[in-house]
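Novice: First to last, the protein sequences are chains A and B. The first sequence begins at 1 in the working numbering and counts up by one. The second sequence begins at 1001 in the working numbering and counts up by one.
Among the hints, erroneous ones may be present.
Okay, the calculated beta carbon distance ranges per label pair [as the list claims (entries may be wrong)]: (1) A/Ala-16 - B/Ile-1315: 23 to 33 Å; (2) A/Ser-116 - B/Ala-1299: 35 to 45 Å; (3) A/Thr-63 - B/Arg-1129: 25 to 35 Å; (4) A/Asn-45 - B/Val-1076: 33 to 43 Å.
Okay, the calculated bits of chain B under chain A, using three or more residues with CB under 8 Å as the criterion [said to hold, decoys possible]: (5) 1051-1065; (6) 1121-1133; (7) 1137-1143; (8) 1246-1258.
These are calculated hints, taken from the structure and not from any lab test. Since we're looking at a predicted model, the values are computed, not measured. Just so it is clear, CB atoms sit at the ideal spot from N, CA and C, and this is done for glycine as well.
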Amino acid sequence: MNDVADAETVLLSTAALTQRFGSAVALDALDIQMRPGVTGLVGANGAGKTTLLNALLGLRPPTAGSATVLGLDPRSQGAALRAKVGFAPERDVLPDEMRAVDFVRHLAQVRGLPRSEARTRASDSLWLVGLGEERTRTLGTMSTGQRQRVKLAQAVASDPQLVLLDEPTSGLDPTQRTEMLTLIGEISNEHSVSVVLSSHLLEEVERVCDHIVALDAGRLVAHGPIDELTGAGEGITLELVDIVEPAGTVDAVASALRGTGIEVERTGTTLRLGGAERDELSDRARDAVADAGARIRRLEARQRTLADLFEASAT
Amino acid sequence: MNDATRSADAREHAPEVDDGAAQILDQRYRPYGGARQGLAGAMCAVVGSSVRFTLGLGRPARHKFLPWLAVVVALVPAIVFVGMATVIDIDLISDQFLPDYHEYYLSIRIALFFFCGIVVPEILVADRRNGMLPLYLSTPLRMWSYLVSKAAAVALTLAVITVGPLLFLLVAYTIEGSGPGGPIDWLIVLARILVAGAAIAGTVTAASLAISSLTDRRAFAVVGVILLLLGTDLVTDALVEIAELDPRLYAFNLGDIAAALKDRIFGVGTPSSLGGRDGSPTQRIGELSTLFVVAANLAWVGAGSAVVWWRYRRIVASR
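Please model the complete structure; the sequences and the hints are all you need to start from.
Specialist: Okay, structure coming up:
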């Protein structure tokens, strides 16, 4: 890919981006590139997710390094940048007495839309997030899930090219969380709005994101397309789980497999197999289990998960 | 990715029609290709919203009561004076009862203090409490433009009290035939009303916002502003009038030093023109030079602005 094409497809990038608060390092020389689509910014609480979002918005000058977002420098072109970016903070505090439509309209106006356009788009955005019928309700009377949707609506109302969502599923129950993630995916896919979604829940990021940036204590743990990072399609490991006794059958299966050159790692009644193609592993595992008179409770391709990435980074 | 590309992408991802199945084909949300209003538009939006918020417009009735009570308290004396002038022969009452423009500020002082103490703190405190501040700072607004917008909103709403009743008086006196002598005099009085109103609003706004920036609790801010307005008045009066200390201590009396500037603008700032008994606060303030009075008011504005700026730098840095 040539430089011009590369520049067009890079949504934002950082170069040695560092943020210190006194002696604490919140962001440690991050080199990141994000591309259009939904990018998950994942890490435990305190990993530096919100600090990174603030730096990308130009709200806090970095201690060192630089960032470019939508081709703009957040430090010197922050106002122009923030007119193109929607943001929904994590904090679940909104002005209780305001009607949802007034709240969204006002922020759309502050982000640069003319008053009449802001009014129309506020209503449209609330319909988009499923709150069309509720748009004239005051925010204080809404549930946590509805308030999270209102925050999403205000972030997209000004037609941003990029939306930064800080923990948008915080406080939601599993059903609401699924609905919110589906909604975020739809907004990105159907309206071509790129999304950076911060979360401390790996499963949630895996469900909706195309790319991930994983942080741990301000350090970059992993970064890239989610399919590559989670090892989808590698298929080199099989998992045999809970082989039902008679006693000694797990050892017998393990020994048989090792005898054929397969790498076996045992944890209780679970065997993790490697060292061969997925199909071959599967065939040999079935043969060994049949020869030992055992039964299989679960046989599945084992993928690397985001949890594995964090475990690997910790060791 | 430009808007045209995004529009094309959106069409590409639009759901296909499946015969026989009901589908939502238009979610109404669409790309926006028009002009954006930039920082000036953002600031105007915040000013407009804050003025409405301060006056309780678009809010439940309980939020309308106090600000409009202050407006009524400021306007009622003017209405009474004009009513008297209408009902009673103007020549019989003009000298004794009808106040001159600069004298009317005594009538609105209570309304001004009431408005600053009860209503103004909410304009800054609410944004920090209800999460609007981080949202505002994620838009083209920066901290300085946000604070300037808020100060402008407060000054505009205060001007409703400091300028509104005086304009009413000017128009009423003019209709009654007791107004300024000619068009030039009329314009001079109008200019003095506007400048004096803006000066008082500016000084009191800076001080009120400074107190409001120091706490996230509205009640504390209310108490702080009232203490600033009334406390400095009592203390400096005691020091200058009773202890007979230097009258320049009135520089610390927010209400009186702002009123003194108003008097100078109306050309009545000297002891002889102010009236009052010898040694009274009114007379002692009259001893101060106009330059000192202007400098003291500017110092209040500067100090108030510095406190707000310092406080918000800390708030933003700790987010």
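Novice: Compare the structure with each hint and give your call.
Specialist: A quick look at each hint next to the structure:
1. A/Ala-16 - B/Ile-1315: 23 to 33 Å: holds (29 Å)
2. A/Ser-116 - B/Ala-1299: 35 to 45 Å: holds (44 Å)
3. A/Thr-63 - B/Arg-1129: 25 to 35 Å: With a Cβ separation near 30 Å, A/Thr-63 and B/Arg-1129 satisfy 25 to 35 Å, so the hint holds.
4. A/Asn-45 - B/Val-1076: 33 to 43 Å: At 56 Å between Cβs, range violated.
5. 1051-1065: With 4 residues closer than 8 Å to chain A, the region 1051-1065 of chain B meets the three-residue bar; holds.
6. 1121-1133: Result for this restraint: holds, n = 5.
7. 1137-1143: holds (count 6)
8. 1246-1258: violated (count 0)
Hint check: violations occur at hints 4, 8; the rest are consistent with the structure.
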